[in-house]
Amino acid sequence: MTQNAKGAVRVLHEVGLHARPSVKLTQLAKSFSSKIEFGPSEEGPWTDVKSIVKVMKSKTPKDAVLHFRAEGTDAQAAVSALIALVERDFETESRT
Amino acid sequence: MTAEMVRLRGTPVAPGLAFGPLVRLGGTMHVARAHTSRDDERDALVAALAAAQDDLARILAAATNTDEQGIVAFQIALLEDEELTNPAHAAIQAGETADTAWRLAMHAQIEDYTSSDSEYFRARAADLRDLYERVSGHLAGKVVEDIPRGAIVVADDLAPSRFLATDWSDGGLVLHRSGATSHVAILARARGVPMLIGVEAAALDGHSQALLDAHNGLLILDPDAKTRAAFDTQRKAHALQQIADARYLEREARTRAGERVRVLINVAGPDDLEMLDSSHVDGIGLVRTEFLFHGRDHLPDEEEQYRVYRRLVEWAEGKPVTIRTLDAGGDKPIPGLTREHESNPFLGVRGVRLSLRHPQVLSVQLRALARAAVGANLKVMIPMVTLPEELERCRELLARAVADLMAEGKSAASPPLGMMVEVPAAALAVEEFDAAFYSVGSNDLIQYLSAASRDEPQLTSLTLPGTAFLRVIRAICAHGNREGREVSLCGDLASDSRYIPALLECGLRTLSVAPAALAAVKATIAKC
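These protein sequence lines are chains A and B, in that order.
Using the working numbering, the letters of the first sequence map in sequence onto residues 1 to 96.
Using the working numbering, the letters of the second sequence map in sequence onto residues 1 to 528.
Simulated from the structure, these hints should not be mistaken for lab results.
Predicted model only: the values in this text are computed from it and were never measured.
There's no promise every hint is true.
Now the in silico label distances, taken between C-beta atoms and shown as ranges [claimed, not checked]:
no.: 1; chain 1: A; residue 1: E14; chain 2: B; residue 2: E304; range: 40 to 46 Å
no.: 2; chain 1: A; residue 1: K62; chain 2: B; residue 2: Q360; range: 42 to 48 Å
no.: 3; chain 1: B; residue 1: E82; chain 2: A; residue 2: G44; range: 54 to 60 Å
Sample of chain B residues lacking proximity to chain A, with all beta carbon distances greater than 12 Å (derived) [said to hold, decoys possible]:
no.: 4; residue: G70
no.: 5; residue: D81
no.: 6; residue: Q109
no.: 7; residue: R124
no.: 8; residue: T227
no.: 9; residue: D245
no.: 10; residue: L405
no.: 11; residue: T467
no.: 12; residue: G484
no.: 13; residue: R509
Even for Gly, the Cβ is constructed at its ideal location relative to N, Cα and C.
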């Protein structure tokens with residue numbers, strides 16, 4: 001069933017969304033089927049999280065607040081996972 | 001100065017004789033790209049992007065620290081992003097060469113980074129430049145040169161679409177890699193282009209002319225006058241043999257005892273029929289429809305397929321035309337349909353396995369076939385069937401296509417549904433398959449029975465038809481005879497005079513052969 005989900009998180013990384021965090025963000029986003037976007041406010045403008053080129057172009061600095069929105073069958077899980085990734089400063093989750 | 005004559009040995013995979021200038025493809029040549037066609041430019045870019053991706057995956061695996069990994073992972077992510085590649089594809093569609101299109105697309109991106117306020121983002125321009133160089137290098141290394149007519153072409157390997165785009169009159173082909181039953185070899189036999197495999201390309205340096213003897217597996221570089229004269233004599237004798245065989249071309253094929261053997265032809269499409277007379281054949285035993293899908297940016301729609309199938313049945317004038325549904329995968333990739341980087345494509349998602357995973361593509365083909373079958377002797381053949389369920393699933397899709405067409409008020413017929421027997425599991429349990437006819441795909445059946453790749457020149461001796469293969473053929477023929485269902489063989493073996501006696505002995509009475517072999521096959525049958 002299609003869900004809609006939203007969430008926001010502050011970027012703690014010292015240079016913001018640079019290459020490595022962006023790669024992790026897009027890779028994680030691509031593991032979900034939902035359409036996922038982020039923007040600097042609840043009104044956007046919205047950026048496709050699955051495109052590294054677009055994520056890099058957002059030039060999101062440190063301390064910026066990322067607003068996520070997702071639509072699809074796994075929208076809720078996607079937003080939760082992406083927020084968790086930003087919160088742990090893009091460190092790879094240890095999966096057991 | 002003329003270089004010394006050199007004799008090299010190779011494995012002949014398509015018979016014939018040719019003499020002409022030596023032309024080497026690929027490898028060391030770096031020429032600025034000449035525009036070919038939009039499709040070729042797009043294919044070149046897709047191939048260069050895939051090659052760059054392979055490089056980066058290798059570099060990533062070898063990276064020893066997280067910084068290196070981070071840089072390479074970023075480049076891989078960029079390559080995977082259509083945001084980056086789509087503008088290049090758009091430029092190709094607008095008529096640019098692949099290298100120019102890639103430069104334009106990347107230049108715009110690099111510009112964006114270099115003009116950034118942030119030092120960090122400016123520094124990332126280096127990553128994009130690196131990526132730009134890597135893909136450009138692959139594009140330059142895969143230069144598509146014009147192949148002159150009458151040349152002896154030497155390359156590591158050759159794409160089937162490239163082979164089809166070349167005029168091979170009086171020419172010949174020598175490939176280092178590639179095997180006897182690779183697609184290029186099949187095409188070479190069909191078009192009567194002499195071809196050798198397994199010749200070391202490095203030995204050719206400094207030579208300008210070559211004599212190709214694909215009867216005896218010889219490539220003679222810069223032959224002396226005496227060798228040339230002997231070759232001319234041989235070529236004349238061969239021509240006489242062809243004339244002798246040609247007497248059989250117009251006749252029905254019969255064994256010495258007078259038993260009728262049906263001889264049909266294998267074709268890739270209507271183009272192969274141009275020089276052929278339908279009165280010389282008992283029909284078309286195999287249409288390889290995957291060539292309709294090759295080297296183009298979209299799959300052929302129902303109308304286009306229908307027109308191609310109609311041209312085939314009209315040419316055949318009531319004789320049977322067996323059309324095989326899309327047999328992609330293996331060594332016949334189709335961009336956007338087959339999976340790239342399958343670890344073992346010959347044992348992977350190919351033939352009916354692929355079609356059943358894309359029922360929308362198969363259904364378009366079945367609709368076109370059901371329409372073309374009206375008032376025609378058209379049969380539909382399913383490739384790579386392993387389980388009876390696969391055939392039944394195709395039957396359902398065909399029935400639905402016919403019902404849908406009828407409901408739309410279009411005329412449609414329900415053609416007989418048969419199968420290729422090329423997977424050992426199906427060959428050994430053939431009685432479990434409710435097929436209207438069985439056609440043995442000997443190329444794949446032999447390679448799967450012997451666990452030897454047909455593309456491996458060193459294993460050519462393992463891919464000959466042995467006891468196990470002939471035993472399987474005998475059992476399939478026995479089943480067909482009991483049930484009154486036709487059994488034919490449409491692999492390359494049917495065109496090979498050396499094996500025709502053994503095939504007839506197993507009970508086969510229907511062979512589908514390369515058009516170029518038609519006369520020789522009939523002549524051989526007459527001596528059996």
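Interface-negative label, T467/B against chain A, beta-carbon threshold 12 Å
51 Å, holds
For the pair E14/A and E304/B, does the Cβ-Cβ distance stay inside 40 to 46 Å?
The hint (40 to 46 Å, Cβ to Cβ) is violated, given that E14/A and E304/B are roughly 57 Å apart.
Find the nearest Cβ of chain A to the Cβ of G70/B and say whether that gap is larger than 12 Å.
Violated, because the least Cβ-Cβ distance between G70/B and chain A comes to about 4 Å, which does not exceed 12 Å.
Outside-interface status for D81/B - nearest CB in chain A farther than 12 Å
The claim breaks: D81/B does not keep its Cβ more than 12 Å from every Cβ of chain A (closest is about 5 Å).
Beyond 12 Å from every chain A Cβ - status for Q109/B
Given a closest Cβ separation of 7 Å, the condition is violated.
I want to verify a distance hint. Is the separation of the beta carbons of E82/B and G44/A within 54 to 60 Å?
21 Å, violated
Distance rule for R509/B, whose beta carbon must clear each one in chain A by more than 12 Å:
At roughly 53 Å from the nearest Cβ of chain A, R509/B sits farther out than 12 Å, so the non-interface label holds.
When you look at the beta carbon of R124/B, is every beta carbon of chain A farther off than 12 Å?
At roughly 6 Å from the nearest Cβ of chain A, R124/B sits no farther out than 12 Å, so the non-interface label is violated.
Whether the CB-CB distance between K62/A and Q360/B falls inside 42 to 48 Å:
Roughly 47 Å apart at Cβ, these two residues keep to the hinted range, so it holds.
Looking at T227/B again, its CB stays over 12 Å from all of chain A?
The claim stands: T227/B keeps its Cβ more than 12 Å from every Cβ of chain A (closest is about 60 Å).
No chain A beta carbon within 12 Å of D245/B's:
At roughly 59 Å from the nearest Cβ of chain A, D245/B sits farther out than 12 Å, so the non-interface label holds.
Minimum Cβ-Cβ distance from G484/B to chain A exceeds 12 Å:
50 Å, holds
Hint violations for this structure: numbers 1, 3, 4, 5, 6 and 7, all remaining hints satisfied.
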